[in-house]
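> Okay, here's what each chain looks like letter by letter:
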Amino acid sequence: MMTAAQPGGRAASIPLMGHEIEPTMFELSVRGRSAAQLRTTGIAPRAIESMVPASHLNPEPLVTADLAERDLVGHVTRLTHRQFSVDLGAYPLGSCTMKYNPKFCDAIAADPGLASVHPGAPVAMVQGWLELLVTLEERLCAITGMAAATLQPAAGAAGELTGLLLMRAFHHANGDERRRVIIPDSSHGTNPASVTLGGYQVTTVPSNERGLVDLDALRAALGPDVAGIMLTNPNTVGLFEEQIVEIAEAVHDVGGLLYYDGANLNAILGVVRPGDMGFDIVHMNLHKTFATPHGGGGPGAGPVAVSSRLEQFLPGPRATRVDGRYEWVTPKSSIGRVHGWHGNALVLARALAYIEVHGAAGLERVAQHAVLNANWLRRRLADTLPAAYERPCMHECVLTATAVKSAHGVRGLDIAKALLDEGFHAPTVYFPLIVDEALMFEPTETESPQTLEALAVAVESIVARAATDPESLHRAPSHTPVSRVDEARAARHLIATEDDAER
Amino acid sequence: MMTAAQPGGRAASIPLMGHEIEPTMFELSVRGRSAAQLRTTGIAPRAIESMVPASHLNPEPLVTADLAERDLVGHVTRLTHRQFSVDLGAYPLGSCTMKYNPKFCDAIAADPGLASVHPGAPVAMVQGWLELLVTLEERLCAITGMAAATLQPAAGAAGELTGLLLMRAFHHANGDERRRVIIPDSSHGTNPASVTLGGYQVTTVPSNERGLVDLDALRAALGPDVAGIMLTNPNTVGLFEEQIVEIAEAVHDVGGLLYYDGANLNAILGVVRPGDMGFDIVHMNLHKTFATPHGGGGPGAGPVAVSSRLEQFLPGPRATRVDGRYEWVTPKSSIGRVHGWHGNALVLARALAYIEVHGAAGLERVAQHAVLNANWLRRRLADTLPAAYERPCMHECVLTATAVKSAHGVRGLDIAKALLDEGFHAPTVYFPLIVDEALMFEPTETESPQTLEALAVAVESIVARAATDPESLHRAPSHTPVSRVDEARAARHLIATEDDAER
Amino acid sequence: MADYLPHTDDEVEAMLTFLGLQSLDDLFAHIPAAIRLAAGATGLPEGRFEPDVADQFAQFTRANRASAGQLVCFAGGGAYDHEVPNVVKSLASRSEFVTAYTPYQPEVAQGVLQALFEYQTLVSRLSGLPVANASLYDGATALVEALNLAGGSTGRTTMLVSAGVHPHWRAVVRTFAQGTGHEVVEVPLVDGVTDWSSVDVDEAAAVVVAYPNYLGVLEDMAGARAHATRLGGLFVVAGDPVAAGVLRTAGDWGADVYVGEGQPFGTALSFGGPYLGLFAVAAEHVRRLPGRIVGETLDTNGRRAFVTTLRAREQDIRREKATSNVCTNQTLMAVTAAIQLGWLGTAGLRQVAVASATGAHALFDAVTAIEGVEPLVSAPFLREFAVRLARPADEVIATMAADGILAGLSASSLTGGPDPSVEDDPSSVLLVAVTERRTQLELDAYVESLRKAVR
Amino acid sequence: MADYLPHTDDEVEAMLTFLGLQSLDDLFAHIPAAIRLAAGATGLPEGRFEPDVADQFAQFTRANRASAGQLVCFAGGGAYDHEVPNVVKSLASRSEFVTAYTPYQPEVAQGVLQALFEYQTLVSRLSGLPVANASLYDGATALVEALNLAGGSTGRTTMLVSAGVHPHWRAVVRTFAQGTGHEVVEVPLVDGVTDWSSVDVDEAAAVVVAYPNYLGVLEDMAGARAHATRLGGLFVVAGDPVAAGVLRTAGDWGADVYVGEGQPFGTALSFGGPYLGLFAVAAEHVRRLPGRIVGETLDTNGRRAFVTTLRAREQDIRREKATSNVCTNQTLMAVTAAIQLGWLGTAGLRQVAVASATGAHALFDAVTAIEGVEPLVSAPFLREFAVRLARPADEVIATMAADGILAGLSASSLTGGPDPSVEDDPSSVLLVAVTERRTQLELDAYVESLRKAVR
Ligand SMILES: Cc1ncc(COP(=O)(O)O)c(C=O)c1O
Ligand SMILES: Cc1ncc(COP(=O)(O)O)c(C=O)c1O
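Going down the list, the protein sequences come from chains B, D, W and U. The C-terminal residue of the first sequence carries number 503 in the numbering used here, and the numbering is unbroken. The C-terminal residue of the second sequence carries number 1006 in the numbering used here, and the numbering is unbroken. The C-terminal residue of the third sequence carries number 1461 in the numbering used here, and the numbering is unbroken. The C-terminal residue of the fourth sequence carries number 1916 in the numbering used here, and the numbering is unbroken.
It should be emphasised that the hints constitute simulated quantities derived from the structure, not laboratory data. Treat each hint with caution, since some may be false.
[Said to hold, decoys possible] From the derived model, a few chain D residues whose C-beta atoms are all more than 12 Å from chain B:
{"id": "1", "residue": "E563"}
{"id": "2", "residue": "L570"}
{"id": "3", "residue": "A571"}
{"id": "4", "residue": "A627"}
{"id": "5", "residue": "H674"}
{"id": "6", "residue": "V705"}
{"id": "7", "residue": "E752"}
{"id": "8", "residue": "D779"}
{"id": "9", "residue": "P952"}
{"id": "10", "residue": "S975"}
{"id": "11", "residue": "H982"}
{"id": "12", "residue": "R992"}
{"id": "13", "residue": "L997"}
[As the list claims (entries may be wrong)] Covered, in the sense of this in silico footprint (three residues per stretch, anywhere, with C-beta under 8 Å from a C-beta of chain U), are these stretches of chain D:
{"id": "14", "segment": "540–549"}
{"id": "15", "segment": "799–805"}
Every residue, glycine too, gets a C-beta built ideally from N, C-alpha and C.
Isolated chain B (complex conformation) (with noise of 0.2 Å):
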């Protein structure tokens, strides 16, 4: 009698209850059932066909997945116990910061007083939002040391390549048509691959055996082709660049320009500044430093700040402060809008909350704190798993592998995903691509030192393990609600939506 749709009703999915799978939204769907409600709204009905030529209309509804509200609600709800998060435990994930994200902020976010306001209304009344925006520019600037910013970007890798084009705005201006940029071999994929949307062509530095830029292979990279450097600092594999003064210098003779990629700004806030640097373009993840949720991936936001000299080609329209009221102020040379709006607002305001929560000495603290957290983690492992390179590190540490996969055969990848099964999220595997069997742990400095020793003798079990019964990492993990992931079939034999997979 009943049709095929399957049963959405029971928790026999969610791992509280075993390791069934939980059919998809379209699978529990019945044509028929309807969860939406709508507003009764007294106008008077027309028919589509009399609003809107028929050659225009769809002649069949576009099926979705219909669910009443009771399983929508179950199915989502088992998904997400199917789910890590930081909430649930330590999320160790190098160059990720996934620090404690304050409710606090969501709130904030969430109230409609900020949420409900439509970006293109009329500018005196959204005086409350652009004074938000303003306030948080300036911090921001005082943070990093810079002159004005942008919000508009909206993530990290959209910061980047905002940047570049600010390079290439400055150049430009200057009629100095540049080629290439320098990135060193450490470096984030994102670096690249905005210097090639940014019109620019890749020069990689490599680095050296103490894991900082080579300052003399620098030196002999650069030219007058060269529009300017992207450098994170602390750089991937979580050391300070201590040249990074000679760098500026040598970057800044033949005339080019310094970007800081602020992936990595939490170990460093209150301590060093990017301007200080010399650095002149700085972007900042605002979901690791300033501690917005991730969300599964996003949404971001990657505020991009300069230095005087950049500021006129910066994106627009900014919110600007003018005698006493805020007003949209584009540039006088701005290269023109990054993103559809004003940039992702909300996530904006969430970290503007989390600076004033904290302000300078509390924001130091978070800086002392999560170096603290890595150092001491990294100490701790040193006869467990060493550390790429044997020198005091920032926020995050690169340990390596390669000892106990020569050993025993156990990969980096093996030791992460036996951590799952562990109650912790896995460290970064195999970044930076310039260490062998890379484990990268960050962390944060929301995590206690109770937390930390857990995570220590976690590994060290683990690493224990590789000796008397590698096979059972190398089938790890088992207590997740999918053992491990089948990622080569994924790719050579592609079901990207329901309707691929054809049930």
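The hints should help you fit chains D, W and U with the ligands onto chain B, whose structure is shown.
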């Protein structure tokens, strides 16, 4: 170096990640940590000693639990991953009406326009709240067929006791002190307990072989000292008391009153009304029939509606419409207050929202589909677990595992526990007491046919397993956050606080 | 046609066919026709969609003018405007807590059970008594349960209740005494403190004192305890749990039973409910405890687990001999309180008490300097105090509301008339509460507004 | 001193000792002293507690006068006031979604991955194209990615973009073309419809049309498609996904690439972000897809599992040769959209489109009857339309705001001046959008207010 506190940062204790226990907040606690952030008031500090005489002051700080916000969030979130709920899956717990709780109603209750209002605010400032309460009272009277209601009782049992005090006040006003209240042997435990607290003695009447009140036995039990009878209809075996008109006549004939336990009202919404059956006093469980969420055991709300001859005795003050405004009015011969303020007001608001969405026809559909689902399940499982009474049921059906027990030694409890492993909540077991090995299923109207089918298949497979592998059922559940819990041990050696635990 | 039903018409049809029925109506064929409801007979309005109903509720909220955005709250009287941070709200509103039933199946209810275990521990510490239950409806009904326990324990019926106990609570006690037959004796206050000597009884089941009492006064607890001992009754303390952040606990004062209103811990003002009845007892009364209690035990694998225990006290097992009729309690509020107390921590709990007291004393000093505003009593207080005004308190409250201030509660709005707690006319007595959320600017505005209002 | 750090002073001490350090400062000893920040040098204010910061934000919100409670929204232009029910908000805000990272470890990320798979399916159906990615930043940047794809696919650089594409999107396209070197040719509208013949090019990488376009007009899609074919470029449709509830899909019209703004599905107006860039392609372009894509596979136990796939396109693997630089996208908005579409269902999606169109047509009929209000164009529209006013649109908007109405957007506020989309001065052009949330009473008030305002 670290304190003895347990690590709070890993998710190992959640089923997602395995089966470790979650530490208590006291085990996570580290003195010196804190999450609290309180407003900066600008009020000049004063020493507590300057305000309060020393004799009153606690010489020691009262130690609670000291957690960073991050660890508190982790702890509580992990606890929620160890908890079944309606939102996760079907919850066919008989007598409890675990239907889907619309999120819309939660939003209504969360509105600061309702939630932030002080209960003692002057009546002129809370006209909206009073109108809401008056509207709800009207709706509940329309639904039950009664004249007036009090919204004060905080749950069903509180409603029962209120109803018994109304009964007492009524007889007392007639100069008629009576001694006994009759309840059927199938009644819920709160009924006899309330009778005692109402100052009456319980007289139990047996059910007949059809699961209904034995009318002859009832007549025999009646007499001039009977204050009234408490019934639920449909009764706790899910059957409609078809002789209710005769029962009412018999009770009224001896001057007794009829009390309706509204726990099962869901079955008859829009179909038949307690008032029309002859009941004088009716309580409702808003947390059952009107979908206000149970909250893991409360809060509920147990309004009591009465026929006009009892209105003058209702608790007060009651929100009342007076000349187009709303006032607090205490009925003339009121039994007094039964709640510190006005009842569980936000629960009441939720229930009104639910009623307004459904309206007359929607509520009738609720009853129809609840009864349809229960009857379908009863029939579907007829060959697996027979119903205790082979007749059409109302919103729930009581099945019996007697046969499985005699054949394979597998008890109803084992079947219930095994269902947990299948991803369903268990039915109510061993209630009502008059049915051997009772398994009381109440699917509710919000479960789909597919869910019911899956539930039936799960029950079938368990019962089949009783023959082949009864041992596995005695051991069930095994995929739950903890396996079967030793209840006897808990009672033998009471550990009701962390301090008892003396860890 | 709004509802939350998944069934399509086809499915209903198929299910009816399976049952051999023609229509949904047939499901109810066995209900006597005489009492069946005719269509439309209820007069209930038709259903509407959620956004339409939201519009209706928006009208209610517009007709309220006492919400937080509209009035700065100086009202207390058992309902306090303490900080509830978003982190507590968001954790407590997780649907696993919200949409679960009473934890009858512990294997899938460890979340609620452990949270309640933590709650019990916290209530035990706040009360200074070893065993707390898993919550009762509210403070008032918790007090009723305490008297029932005292009655059961002593076999007596006389309940000595200080008039310093909240007038609503006393009213609730009187109501339920109609069923239990308890004789409730209210003991008057003199200058805000219970005058036990004024009542002439030889023995009692319970001696009840509020600490602080509803006028804010710190009672003579040693005296009250001694009186209970003298009369052989249980010493029942109705204590403000926030005050426990600085004051000696009920247990310190020798209480047998503690009851309290837990609203200040994470629950919004909520127009009076759902709130949270706190209940704790000395060890010897464990088996008379009303309601649920969670205990620690092991599962079959020897892992720690929690479960409701000592169930033989409860109505579903003991029926008419149960210690109480309570079934559904206020679990979600209890879970919320545990989370809020976890958020506050040791220092935060104390800070709330001290900051509230500081604000109250600052305001007391300022308002009693106004002509026409006199302290009601001379006894010490913590975060709530009473003043006598030169004008009816309700008028003053109405006047100050126009300045955006909820000035407090008039004593008569609680007592409903003359009362043994107030020696003269309560209608000119204003009860003022200050929480840690009130700022100096708000106090200044209060003083200014009151100065005008009493003129 | 507010922060969220768990460490006590003792613990910091112990950790430093373990590291052989004296102070936290020592952790930074290797940073050149010359660039170290002096204490207080940033000029940042000191930290404050959450309630204090909440007060600061309350000042911001008070200074906004355009929130839902203050203005009834008739503004559209790519940001629409559609219904977002609480059930969608509460599901989408579950912390497992909110506080997860990009699903790099599929074994513990099936929740997000499956939700994205469902999202991809829905976007695929809405677009009528077989493969969708897991989201991009917003509609505007999605269009940039489409052009990059077209450039890569055709090896050409000329991008023909209809002036009916939202002016902001065109602006964003122009910005990024500075890096890619694309030559962006804007094709003017005539009476609201793109006049492809007006542009003289021989070949193009892409032909971009908006459907409906930003003036609300239903473009001549067959004509646009034919033009793309003629020029050998990819046919890129920037489609309103709500319109897909009734209109033929991009795929039906032969699109190679679909981009859209997903905000209408569950995301609040949010002052413009975070929004949701929709992106789908015809099968042959899969390997050029920007950003993440989730695919179905199996785990080692043969159970269905989801995982991000075709990773070799992405920046972290392909670096400077990646199809795009995008890393963090708008996953949470994509998950929200999937939930919202699940809530709407087939019928609800259509109902939103029809009800919005009905309101828009009713309003159009009423306002164009007012003297001083003329239809801008004669072409058919769905839920958004443009009128020419006898007064500057910005003035009319300001006037109507006093009546509690956000009347729409002035075309010039989007174009910033003369624009190929509007034949005359855009400053007297008002763009009006109506969603299914607008009532007849609100339409009536709008008409009344506009009548006064244009006078
Ligand atoms: C070092 C580095 N740079 C840039 C990025 C890109 O930032 P987003 O993901 O916000 O685009 C990341 C993100 O992982 C990163 O770790
Ligand atoms: C038949 C019946 N009567 C009364 C009650 C008591 O209601 P409450 O739990 O709301 O006090 C219940 C609750 O389980 C019940 O099932």
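> All hints are to be evaluated individually against the structure, with a verdict given for each.
Each hint, compared with the structure:
{"no.": "1", "hint": "E563", "in the structure": "25 Å, holds"}
{"no.": "2", "hint": "L570", "in the structure": "9 Å, violated"}
{"no.": "3", "hint": "A571", "in the structure": "7 Å, violated"}
{"no.": "4", "hint": "A627", "in the structure": "27 Å, holds"}
{"no.": "5", "hint": "H674", "in the structure": "45 Å, holds"}
{"no.": "6", "hint": "V705", "in the structure": "39 Å, holds"}
{"no.": "7", "hint": "E752", "in the structure": "41 Å, holds"}
{"no.": "8", "hint": "D779", "in the structure": "31 Å, holds"}
{"no.": "9", "hint": "P952", "in the structure": "5 Å, violated"}
{"no.": "10", "hint": "S975", "in the structure": "14 Å, holds"}
{"no.": "11", "hint": "H982", "in the structure": "4 Å, violated"}
{"no.": "12", "hint": "R992", "in the structure": "24 Å, holds"}
{"no.": "13", "hint": "L997", "in the structure": "28 Å, holds"}
{"no.": "14", "hint": "540–549", "in the structure": "holds (count 4)"}
{"no.": "15", "hint": "799–805", "in the structure": "violated (count 0)"}
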